[in-house]
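Protein chains: 2
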Amino acid sequence: MAVYTEVTDEALSEFLARYEIGPLVSYRGIAEGVENSNYALRTGQGDFILTLYEKRVNTADLPWFLGLMEHLAANGLSCPLPVRARDGRNLNPLAGKIAAITTFLPGVWPRRVLQEHCEPLGAALARLHLAGEGFMPARRNDLGPQAWGSLLGKCTGADAVQPGLGQELTGWLERIVSAWPRDLPAGHIHADLFPDNVFFLDGAISGLIDFYFACTDLYAYDLAICLNAWCFERDFSFNITKSRALLRGYTGQRALLPAECRALPVLAQGAAMRFLLTRLYDWLNTPEGALVVRKDPMDYVRRLRFHLAVESEAAYGL
Amino acid sequence: MAVYTEVTDEALSEFLARYEIGPLVSYRGIAEGVENSNYALRTGQGDFILTLYEKRVNTADLPWFLGLMEHLAANGLSCPLPVRARDGRNLNPLAGKIAAITTFLPGVWPRRVLQEHCEPLGAALARLHLAGEGFMPARRNDLGPQAWGSLLGKCTGADAVQPGLGQELTGWLERIVSAWPRDLPAGHIHADLFPDNVFFLDGAISGLIDFYFACTDLYAYDLAICLNAWCFERDFSFNITKSRALLRGYTGQRALLPAECRALPVLAQGAAMRFLLTRLYDWLNTPEGALVVRKDPMDYVRRLRFHLAVESEAAYGL
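Here the protein sequences come in this chain order: G and E.
In case it helps, my numbering puts the first sequence at residues 1 to 318.
In case it helps, my numbering puts the second sequence at residues 1 to 318.
The set of hints was computed from the structure by calculation and includes no laboratory data.
Where hints are given, some of them may not hold.
Given that identical chains are not distinguished, each listed pair holds provided it fits within a single copy or across any two copies.
Keeping only pairs whose Cα atoms sit at most 30 Å apart, straight-line, the calculated DSS-like set for lysine-lysine is [claimed, not checked]: (1) 295 with 97; (2) 154 with 55; (3) 55 with 295; (4) 55 with 97; (5) 295 with 154; (6) 154 with 97.
Since we're looking at a predicted model, the values are computed, not measured.
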């Protein structure tokens, strides 16, 4: 459902002339992804991904995202490396949009999360956090706790999704924001490390992709996002075996402070709230018949209820 | 807009175990194409295309299509070669559909047809006709003249597209079918060789794809389809320079009989009628908001009017 922007062969050949990666050999629009237009691109020098940034990405943030990817790759993380044109630019105009070429990563994202995915995922997340150190500019998390109140305010009609939902969310939000931790270790986080952004090959992680929600925030919050994204079953039951494996993988690379461990329940609540709110907003504001598949916000209400009932980090296997 | 059928990594790995092309390395849904679901597939042995056949293709015809592709490739035509599983089968079940793996062809289809595309295209079409000789089974053209009357009969409401269109088409159809040539050279034809089915690389044709309308019919009818698909400008003016180049390319590989030349106007009328009718049918029967882009049938009314006004094959540059 992606590929919003069609690119002609002539425009693409002209665009590629800015780069030193050889002539156009083939390109095909990729159907996955919902934010940007992506093409599988082959040139004389091999395979690449061509991304045209669509309206949901703030173009002012693009240099930061690409700079982070370059920094992470330079520090040994397997992620798409932006290719620079002859003049050094890694962002160039194409078909009326801003576009970038990045390296192709082999691997397949798991459609069904298995226990054995979770330890490598945790380790990769910690390596991402460590690899990001030294990248100096910060990017505020636009979808952090300070943004949730106004996001919820825009979700008028929440009660149509489920009676009483609006009021329930307002109460939870107050509770989560007032308990939100301060002074935990922070740095650059992925902030959207769902299974479709993690490639596996032969049982090991071959790469992490899609850094367009990355920002500077609490490391343990990124972990809490992964607990939400990787450790619930389809019936919304929490799989503590997966959670333990994820945390074992993470702490094998980067130790968690006691304060980070203690904060895990509220961070997990916040992570569920963040995805709940953007899904709810999209649910209420996506026209019928649009090409984008709307994701059910109730999936995250159910996750959130689990985290709200948790008494301590022991519930996650810590 | 394609990829109707989602394939899981687990199902695909199991599917690939039937083949001898190595393990799964990556796969991505391709956004182009409207009839089937296509994936760009990489295995340990390189790049392939994975196709899952959707409901518009009659699965009983698939062995014929794949057999033709194998025959054409064996005779030197650059087209996707179906890959056979260990047990010799080139069609196998996947995700509730019938699927095939074919070889990856480099190249890019021209978004804007230029004069220099037309001579190589004509030559490739003739080579396809010659390469198809010796493939014994025949497949009747389901969308040939015998089918047009009933197709038009299903297009109730044509007058909503343009007042009087239904009656106009009935009159033209009678005229075309009664003048339809017999006893011209026949064999296997592509029957859908539009620009998006022809890959170019460095100015030469690198491959022809999408043989799922191929059938056994008059060779010159295939040429007439290409005249419609490649030689009209965006304002529906006929570009005789492109037509001359196309015919020069064709006759350089396979001479046209005088009877084929004389039949070109009525064959071109019939080709326009065939695409007009399927577009009109889809136009009238595609629900609003469907994921498929409807193509305007009036584009072919305008082409058809040109061919009806033609006095002889000289109009095409012969």
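Using 30 Å as the alpha-carbon threshold, which applies to residue 55 and residue 295: within, between, both, or neither? For residue 55 and residue 295, both the intra-copy (19 Å) and inter-copy (27 Å) Cα distances are at most 30 Å.
Homo-oligomer pair classification [residue 97, residue 55; C-alpha up to 30 Å]: Result: close within a single copy only, 9 Å intra versus 36 Å inter.
With 30 Å as the alpha-carbon cut-off, assign the pair residue 154 and residue 55 to within, between, both or neither. within (19 Å within a copy, 42 Å between copies)
Evaluate residue 154 and residue 97 at a C-alpha cut-off of 30 Å and name the case that applies: within, between, both or neither. within (28 Å within a copy, 43 Å between copies)
First find the shortest C-alpha distance between residue 295 and residue 154 inside one copy, then the shortest across copies, and answer within, between, both or neither for a cut-off of 30 Å. within (18 Å within a copy, 38 Å between copies)
Since the copies are identical, ignore which copy is meant and state whether residue 295 and residue 97 lie within 30 Å (CA to CA) inside a copy, between copies, both or neither. Answer is both: 27 Å inside a copy and 26 Å across each meet the 30 Å cutoff.
Every hint from the earlier list agrees with this structure, and none is contradicted.
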